[in-house]
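Listed here are the chains, written in short residue letters.
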Amino acid sequence: MHEFSIAEALAGQVLPHVPAGARVREVEVRIGMLRGLEPEALTMSWQAVTLETPLAGVALVMDFVPWTITCGECGRAWTSAVPFVECACGNATPAPVGSDELNIVSMTVEEDEPE
Amino acid sequence: MTEPRKEVRIPLVERVLGANDEIAATVRADLRRRGIFTIDLIGAPGSGKTALLEATLRAIAGRRRPAVLVGDLATRRDGDRLARWCDRVVQISTGEGCHLEAGQVRDALAGLDLYGVDLLFIENVGNLICPVGFDLGENAKVGLFSLTEGDDKAAKHPYLVTAADLILLNKIDLAPYLTFNRPGFEADVRLLNPTVPILGVSSTTGEGFEAWLDWLEKPGA
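Residue numbers (my numbering), protein chains in the order written: chain A, 1 to 115; chain B, 116 to 336.
Check the hints yourself; a few may be wrong.
[Said to hold, decoys possible] Only pairs whose alpha carbons sit at most 20 Å apart, straight line, appear in this in silico EDC-like list of lysine to aspartate or glutamate:
#1 B/Lys121 x A/Glu111
#2 B/Lys271 x B/Glu301
#3 B/Lys268 x A/Glu38
#4 B/Lys271 x A/Glu86
[Claimed, not checked] Restraint ranges, calculated between C-beta atoms of paired labels, are given here:
#5 A/Cys74 x B/Thr310: 33 to 41 Å
#6 B/Gly161 x A/Glu110: 44 to 52 Å
#7 B/Ala326 x A/Ala20: 58 to 66 Å
#8 B/Leu293 x A/Ala41: 31 to 39 Å
#9 A/Met44 x B/Gly161: 24 to 32 Å
#10 A/Ala20 x B/Pro126: 14 to 22 Å
#11 A/Thr93 x B/Gly161: 24 to 32 Å
#12 B/Ala255 x A/Thr93: 23 to 31 Å
Source of the hints: derived by calculation from the structure; they are not laboratory data. Idealized CB from N, CA, C, for every residue including glycine.
Full structure from sequences and hints, please.
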């Protein structure tokens, strides 16, 4: 289960960016489908590795980058959650291109309103 | 009464595995400086990674100066097997880790005499998924599949197929006894990675080894 290592690395990358005194509400990541990350496993790992840290209870928002499928016969291109799909033109083997992106996009923090 | 709170979205442009990637870059630069070509060998448990390396080390004895790092969750068995054919072997015990990370490679290399070494094999933990995304500082990833695993394994593990610089299909000597659809396997590989070389080998009989050893001499050619 590589989700645990990914969650540990993610927490390690995010923690230095947490402004002093701020409460973090959510962390947003972009994940290419090639990475084979299970959302439930990553959420569970995130919750485990952030326990008793300033990131405890912080929501992990996962934005999955889908496969791009291109049909070599009719030229149609579309996105898909799975790599092996049939084209509407009947071609059984359009080419899948996956993303291996694994990036932190943003962190949303809650700050006290200035007096 | 609770003070109103303001939510601020702070954009971050960071790779999740940035810390691993930085170590990997240092390892890669160090190995390059020493003239060592490094292979990250990734395959399922039982695909024959250690047997492939045993046969390869035997075949290149006297011609190359190899070193081997081998990762396993437990036991030193693979390291002991490989040490019969190579005097520079480090077994990395990952404990509960399902893959190697760059820091483990860096630490293992620190304990290894690399003088004269020109080829480094890193046998990753047996797993077709987790090891792929962790850069170890290698020059090439070799994806090892075998006939006994079934012909659908490339399609089921697209990250390894996409990331591989070479696909080895092991245990081809067992073809007469199995129903492995090799054209189908190769078609799945080709859809995901149109240019990757696919070589059939048998570590038991040595079939196909000539092409594999040629690739080792001129990887990427």
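The hints, checked one at a time:
Our distance criterion of 20 Å between C-alpha atoms is met by B/Lys121 and A/Glu111, whose separation comes to about 5 Å. At roughly 13 Å between alpha-carbon atoms, B/Lys271 and B/Glu301 fall within 20 Å of each other, so this suggested pair holds. Distance hint between B/Lys268 and A/Glu38 is fulfilled; the C-alpha atoms sit about 19 Å from each other, no more than 20 Å. About 16 Å separates the Cα atoms of B/Lys271 and A/Glu86, which keeps this hinted pair within 20 Å; it holds.
Checked against the given bound of 33 to 41 Å, the beta carbons of A/Cys74 and B/Thr310, roughly 23 Å apart, lie outside it. Distance hint check for B/Gly161 and A/Glu110: the Cβ-Cβ separation is about 50 Å, which falls inside the suggested range of 44 to 52 Å. Taken as a hint, the range 58 to 66 Å holds for the pair B/Ala326 and A/Ala20, whose Cβ atoms sit roughly 59 Å apart. Take B/Leu293 and A/Ala41: their Cβ atoms lie about 33 Å apart, and the range 31 to 39 Å holds.
The hinted range of 24 to 32 Å is satisfied by A/Met44 and B/Gly161, whose Cβ atoms lie roughly 28 Å apart. Checked against the given bound of 14 to 22 Å, the beta carbons of A/Ala20 and B/Pro126, roughly 19 Å apart, stay inside it. Between A/Thr93 and B/Gly161 the beta carbon distance is about 29 Å. The supplied range of 24 to 32 Å therefore holds. The hinted range of 23 to 31 Å is satisfied by B/Ala255 and A/Thr93, whose Cβ atoms lie roughly 27 Å apart.
When each numbered hint is compared with the structure, a violation occurs for hint 5 only.
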